[in-house]
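> For reference, the chains in residue letters:
Number of protein chains: 2
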Amino acid sequence: MDLLKEKISTQGNVLSNNILKVDSFLNHQIDVSLMQIIGKEFKSRFKNVPVDKVLTVESSGIAPAIFTAMEFGVNVVFARKQQSLTLNENILTADVISYTKNERTTINISKDYINSGDSILIIDDFLATGEVSKGLIEIIKNSGAFITGIGIVIEKSFQKGRIYLDNAGFHVESLVRIKSMDNGKVTYL
Amino acid sequence: MDLLKEKISTQGNVLSNNILKVDSFLNHQIDVSLMQIIGKEFKSRFKNVPVDKVLTVESSGIAPAIFTAMEFGVNVVFARKQQSLTLNENILTADVISYTKNERTTINISKDYINSGDSILIIDDFLATGEVSKGLIEIIKNSGAFITGIGIVIEKSFQKGRIYLDNAGFHVESLVRIKSMDNGKVTYL
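Residue numbers (the numbering used here), protein chains in the order written: chain A, 9 to 197; chain B, 9 to 197.
In case anyone wonders, no lab produced these hints; they're calculated from the structure.
Given the structure is predicted, the values throughout are model-derived calculations rather than measurements.
Mixed in with the good hints, there may be bad ones.
What the hints assert, rightly or not - Below, in silico cross-link-like pairs of lysine to any residue (SDA-like), each with a Cα-Cα straight-line distance of 20 angstroms or less:
1. K149(A) / A176(A)
2. K48(A) / D39(B)
3. K15(B) / S41(A)
4. K48(B) / Q44(A)
5. K15(A) / Y121(B)
6. K149(B) / S118(B)
7. K29(B) / D103(A)
8. K119(B) / L28(A)
9. K29(B) / I99(A)
10. K29(A) / K29(B)
11. K119(B) / N21(A)
12. K48(B) / L11(A)
13. K51(B) / S41(A)
14. K149(A) / L100(A)
15. K51(A) / Q44(B)
16. K29(B) / L100(A)
Build out the structure end to end from the sequences listed, making use of the hints.
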């Protein structure tokens, strides 16, 4: 997706060999026009896939998930990273290690919003080690729903997440696939 | 806003005299069609107000903020509640106490995305004690930008937030104003 590559080139910030900062359009400021285009792109890539709900994780996954869900005419569910007083005990959980925050968190989804038999499209901002995806997959498996696709805005293909998801047989679509970020320079697959 | 009142009546869950759970359309599952209508409603209520950016706080504010920003043709900035490895030191912070999570957190906004002189519309899911709004106001004040409006999806008018914001002279628009939730029943102003 050339527009996204251009955004990464002009506004992205390579902080180390494996951390890319894209706060200007995705992780802190949200470029709403770009997100609309991203939603249409995911719709096109998953056009033959049944989707009852789009699932993501707070917070940076919410914007691309919303615009994808809008294209499919379905709702979004976002997994929460902490349990709040307004989440009851009717929840499915999985432990994940956040790559950028370097801490273990529990992600939660209420059983009320993922039904057995639902076709679920997972949308997330980044794919790196695949920890978050594994957590979501575990939760969906326990809910009796099905994952019909996994859409990623930015994939760091040199980390192990993509290989894991491919080997597990999922239909993965990443809008950009980064081969390396060595010496501060982003190169694509 | 009658549609929102109907959603609260049919899907909301009064957990106590002051906690309303609306996980089915706003705080966990996102009703995308409703959010589109909410965006148009905020646009209509703030139609004479200059808006360069919509500001919210992760995570539940993001959906209504995005659809409001889309109507105005501007971007969203969401304040983060934790500092991640990809946020650098160029940040403005404020301490707030989360009402539903009952804990003190620091909210952060990068100076890169709020410019001196910007007209900022704050959008949030709930207004209760006004703690989060006060934090955002403090940050905007320190950035040299201006708050031109504060839009709230659900206001609990029996708590002190609205009175504080009115007294401080802000233009506040709440889509529904809840007078009380005594005995599990929501009544409106």
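> Which earlier hints can't be squared with this structure?
3, 7, 10 and 12
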